[in-house]
Amino acid sequence: MKKNIIFIPAVISNKGEKKLRNTPLINKIFEYSINSWKHFANKNNCEVVVLDQPIMNSNITSMAWQRYYALDMLENSNIDYDQVLIVDADTIVHPNCPNFFEMTNHKYTGVHDGVVYEWVMRSAECYSKFVFDDYKLNIWSYINGGFQIFNESHKDHINKFKQFYIENRDGLYEVESKIKLGTDQTPMNFFLQMNNVETTLLPYEYNMTGLNLSEGLTDDLVYTKLGWIYHFNGIPDNTYGNKVEYYMAKTYNKLF
Amino acid sequence: MIAIEDNNSKHQHKSYYELTKLAWQKYCDKNNIDFVLVTEKLYNVKHAKWNKHYVFDYLGDKYEKIGMVDFDTMPHWNCPNPFDLYTDEFCGVVDNSSLYWLDNSLTAYKSSFPELNIDIKISEYINSGVLFFTKNHMYIFDQVKEFYLRNQEKLDNWSVPNTGRDQTVLNLILKKNDVNKKYLPHSWNTFSMIKKGYFFHNDKLNDPTPFFVKYGNIWHFTGFSIEQRTQLIQDIWNQTKHLY
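The listed protein sequences derive, respectively, from chains P and R. Each residue of the first sequence is one higher than the last, beginning at 1 in the working numbering. Each residue of the second sequence is one higher than the last, beginning at 1001 in the working numbering.
With the rest of the complex left out, here is chain P (with noise of 0.2 Å):
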């Protein structure tokens, strides 16, 4: 039988950039994610699949487009799935946390990326004039690419959207070193917008990003109160991965 297949990119970065995935903490913050998953994924009949090799050279393909390789991956590796997420492993979820496959009516499926609005409208705006034919694109509907949810009636669609990447991949990287507003999340959003994929949209309480914006960073945790998948991103660090190792594990720990 077809299962559910939690696909988490979990890649540790050697090419000493000053991102969360080259921390020395980062082997602690993956373990955490993935154990929460695995322990989602048993309740709930679905399978784990880390990825922690890059598929290709990525240097030349940065990890955050290599996961939209995950249905090749799958196939290649005989996994039969049903449908699939991809979901970053800076994210813990709630040992409680709902079927959300069950609420997809399998169709493209993300939460609504609405925490800093001014992030998304700048990046909206500069891949429409310097990628997207100033296509305008609809920022209310914008999703993060941090939970993507798909299946085998999106392979057409994100073969294109793979496509487009090779074919673009200079001035891609142009965009992404030039103006700095995101990699994949912004062009992914437009290719579903112009090509009229239908989504659905799942509450914040599935992708609780910008815990620190939204005022959730509390000592008690509120957020494990209030949602069920819990996205450590935006949180500022000058200590360079320790605070959001401190309240993973602190969740982790909480939860489990």
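It is worth saying that the hints were derived from the structure and are not from the lab. Because the structure is a prediction, the values reported are computed rather than measured. There's no promise every hint is true.
Stated by the list, open to error - In silico EDC-like pairs for lysine to aspartate or glutamate, Cα to Cα no more than 20 Å straight-line:
1) LYS180(P) - ASP170(P)
2) LYS1121(R) - GLU215(P)
3) LYS225(P) - ASP1119(R)
4) LYS1214(R) - GLU118(P)
5) LYS1214(R) - ASP1235(R)
6) LYS1041(R) - GLU1018(R)
7) LYS254(P) - ASP1103(R)
8) LYS1121(R) - GLU102(P)
9) LYS1204(R) - GLU174(P)
10) LYS180(P) - ASP1207(R)
11) LYS1014(R) - ASP1207(R)
12) LYS1195(R) - GLU118(P)
13) LYS1046(R) - ASP1034(R)
14) LYS225(P) - ASP1103(R)
15) LYS1204(R) - GLU102(P)
16) LYS1195(R) - ASP237(P)
17) LYS1204(R) - ASP134(P)
18) LYS1214(R) - ASP184(P)
19) LYS1121(R) - ASP220(P)
20) LYS1204(R) - GLU118(P)
21) LYS1110(R) - ASP220(P)
22) LYS129(P) - ASP1235(R)
23) LYS1195(R) - ASP133(P)
24) LYS1021(R) - ASP1203(R)
25) LYS136(P) - ASP1207(R)
26) LYS160(P) - GLU118(P)
27) LYS1204(R) - ASP220(P)
28) LYS1204(R) - ASP133(P)
29) LYS1175(R) - ASP1203(R)
30) LYS225(P) - ASP1203(R)
31) LYS129(P) - ASP1207(R)
32) LYS1214(R) - GLU1227(R)
Said to hold, decoys possible - Residues on chain R that point at chain P, a partial pick, calculated with CB under 10 Å:
33) SER1159
34) VAL1160
35) ASP1207
To be verified - Just so you have them, the derived chain P footprint on chain R, three or more residues with Cβ under 8 Å:
36) 1115-1124
37) 1209-1218
38) 1226-1239
In this text, a Cβ means the ideal position worked out from N, Cα and C, and glycines have one as well.
Dock chain R against chain P, hints included.
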């Protein structure tokens, strides 16, 4: 528009709501919408915030669809007609801009008033500063009023910090009645404007127009001091009044 100067407030709001009032008046005139301004508090209601739930006492049942806005809001001069957005739903914008506040408020009201001990998801909780509904929702406001009157002494003296006044009560009563809601995009009630970055502009494209002008339909000037709010609204009005 509810614009009641609250005697209990430490601040004078009139200096800016004279301007937001003008903006709403002109917007409504342009869009063939009746503009009703409520400035007088009812004699038996201490806090202005509870007055808004007497909306049907002020309006009667004359209107099919009603929009109710706080006086710290202002429509964009080209705001689409909000009454085209819905048929019979109760409409608002989800407000989870502060998880700490939300939890605090829900916990306080639910534990203080057993009849409100109702489960509500944070994605169901709406900001009460901009609401759209129909005359068929009169019973909801009746329930809020009844709740207020039953607990008037407690609510008039309510001083639990970071819990608000009527907003959480309205949300819990909406949930209790399983009201069919329509959640509007944030453009229809841009609370937390600073936190969400609406005052920035796209420096990458050298576009000086602030994001709230480009994306907001109804601006809600919350999330900063009264002094800042007054100055800001005055500045915006001075620069845009010719467009209304």
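Can the restraint linking LYS1214(R) and GLU118(P) be considered satisfied, given a maximum Cα separation of 20 Å? Roughly 11 Å between the alpha carbons, so the hint for LYS1214(R) and GLU118(P) holds.
Check of the segment 1115-1124 of chain R against chain P for coverage (Cβ-Cβ below 8 Å, three residues minimum): holds (count 3)
Restraint status (C-alpha distance of LYS1204(R) to ASP133(P) at most 20 Å): holds (17 Å)
Hinted pair LYS1204(R) and GLU102(P), Cα distance within 20 Å: violated (41 Å)
Sort out whether ASP220(P) lies within 20 Å of LYS1204(R), counting only the CA atoms. violated (39 Å)
Take a quick look at whether LYS225(P) and ASP1203(R) sit within 20 Å of each other, Cα to Cα. Not satisfied, since the Cα-Cα distance of roughly 38 Å exceeds 20 Å.
Against the 20 Å threshold, does the CA-CA distance of LYS225(P) and ASP1103(R) hold or violate the hint? holds (8 Å)
Hey, LYS1021(R) versus ASP1203(R), does the alpha-carbon distance stay inside 20 Å? violated (32 Å)
Keeping to a limit of 20 Å between CA atoms, is the pair of LYS225(P) and ASP1119(R) held or broken? Satisfied, since the Cα-Cα distance of roughly 12 Å is no more than 20 Å.
CA of LYS254(P) to CA of ASP1103(R), is that 20 Å or under? holds (18 Å)
Regarding the pair LYS1204(R) and GLU174(P), is the alpha-carbon distance no greater than 20 Å? The hint holds at about 14 Å.
When you check the alpha-carbon spacing of LYS1195(R) and ASP237(P), does it fall within 20 Å? holds (18 Å)
In this structure, the hints that do not hold are numbers 11, 13, 15, 18, 22, 23, 24, 26, 27, 29, 30, 32, 33, 34, 38, in rising order.
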